[in-house]
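J.: Quick note, the sequences are listed as chains A and B, same order.
The opening position of the first sequence corresponds to residue 1 in my numbering, with each subsequent residue numbered one higher.
The opening position of the second sequence corresponds to residue 126 in my numbering, with each subsequent residue numbered one higher.
It should be emphasised that the hints constitute simulated quantities derived from the structure, not laboratory data.
Some hints here could point you the wrong way.
Unchecked claim - Pair by pair, the computed Cβ-Cβ distance ranges are:
#1 I14/A - P135/B: 29 to 35 Å
#2 A85/A - A232/B: 45 to 51 Å
#3 P89/A - T131/B: 55 to 61 Å
#4 T90/A - R308/B: 37 to 43 Å
The beta carbon of each residue, even a glycine, is placed where N, CA and C say it ideally should be.
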Amino acid sequence: MAKRLLIVDDEQSILVGMKSYFRSRGYEVDCATEREEAEALISHVPYACVIADLCLKAGHGADGLEVVAYVGARQPQTPVVVLTAYGSPTAESEAGHLGAAAFLSKPQPLEHLAEVVEALVDGRA
Amino acid sequence: MSLLETILQPGGLSVLFQPIVDLREERPRLWGVEALVRGPVGSNLERADILFEYVRRKRAEIVVDRACVTAILDAAMTLPASLDFAINVHAVTLSRDPEFLGFLTDAAEARAIPLSRLTVEIVEHAPEWADLGLAEGLDALRHMGIRIALDDVGLGQSNYRMMLDCKPDYFKIDRHFVKDSHRDFYRQAVLESVAQLARRFGARVIAEGIEDAADRDTVQSAGIELGQGYLFSAALTTPGLASSELGKETRAVWDTAEAGRQPRPWVRTECWGEV
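Same shape as in the complex, but just chain A (with noise of 0.2 Å):
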C-alpha cells in the first residue's frame, strides 16, 4: 500500500508542486492550507510523514511549530518535517524541541526533500 504524505502549505502552487511530485514517486498525498485542516486530517488519517511550512497566512506566525505538537501528540511515530522561508535559530530549536525530524529552509530542491522525506520513512534518519 503507497504510503501517505501530509503537506501543509499555504501557497497553492507550492502544493500543487510537492503533491505532483511526491505522488510520482508513489505516494499518496493529502494537502491542507489551514492549520486546524491539517489538524482535521491528523485525526483521522495515518500519515507516514507530515511536511508542515513554519508560517501559514491565516495564522499567527507559527502553525507549523503547532502542527508538529499536533502531531506529536496524535502520530507520536510519525516524523515531521518542518520548512520555513525565514527561518532562525529560536525556531528551529523550537520545533525540534517539540519533535520535528527535520527542519529545511526554502527554496529547497525537490528531489533533496524526497530523499529526507524517503530516510525518515524507511526509518534510516
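Using the hints, position chain B against chain A.
T.: Quick look at chain B alone, frame taken from chain A:
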C-alpha cells in the same frame, strides 16, 4: 477565501439522508432518516469526520450548525411530509447560542416544516456544556415538540452522566458495539444492557452501523427495534432516497396520505417522534 468561508457560502454544504429502519418489520421499512452534512466535493472536508473536526478546531460550531440547519431544512423540503428526520447539533451550540432555537424555529416555519418532524442528535457533548445551560436548551427543544437523541452511546462523553443530563428519547448505540456482535458475547451483553436501560428511560434504541444480517439479528435479539447502516442503505441524496426501495415505500405512503386516504397504521404510530 478561507475554508470556513467556503463552507458557509450558499451551496458550500451538501446534505445526504441515511435511512433508519424498523427492525420489527419482516421487510425493512423506512422509519425515519438522519440528515448527514458533507463539505465541498473534492475537498478534504467532504468527509464528515474531517469537516466537523475542522469546525471544532476553528471553534466555529455555532455558525456552522446554523449553516447545517439551513442546508438540511432546504433539502428536507423535498422529503415526504410523513417522513421525520434527525439533525446533529453540537452541545456547545445549544449551550452558548441563545438565538439558536429561535433560528431553528424560524427556519423550519419558513419552509413549512413542523418542528415535530425533527429529532436533534446531540454531538460532541462534554460535562462543561451541561454546566453551561445544555439542560435548559434541551428542555426548550422538548417544549418545541422536538425529540432528543444521544449520539454515539457507549463512547466518549455519551456516558451515564450524559444520559442523565439529556434524558434522551433515543439512544443511538455506536457501531463499535454493533459490528461483529453476532459472534461476540460481550458486545451482545452491552447491546442487551443498553436496550434495557433505554426502556427504563422510556426511550428507544437505534443501532448504528448494521452492515450484515447476522448483526441485525443479534441487535433484534437484544431487544433493539430500530437500526441504520449499509445493510439497509448508505446515505443518499433526496432523489436517491426517493428512488430507493425504502424510499419508494415511503413515497407510496405519502401519496396515499396526500390523496386523502387513511395512511396505514405504521405511518401514524411508527414515525419518528410519535413513539
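J.: Starting from the hint 55 to 61 Å, judge whether the C-beta atoms of P89/A and T131/B obey it.
T.: violated, 37 Å
J.: Holds or violated: the 29 to 35 Å window for the beta-carbon distance between I14/A and P135/B?
T.: holds, 30 Å
J.: Confirm or reject the claim that A85/A and A232/B have a C-beta distance inside 45 to 51 Å.
T.: holds, 46 Å
J.: Assuming the hint says 37 to 43 Å, is it satisfied by the Cβ distance from T90/A to R308/B or not?
T.: Distance hint for T90/A, R308/B is violated at roughly 56 Å.
In summary, the structure is inconsistent with hints 3, 4 from the numbered list given earlier, while agreeing with the others.
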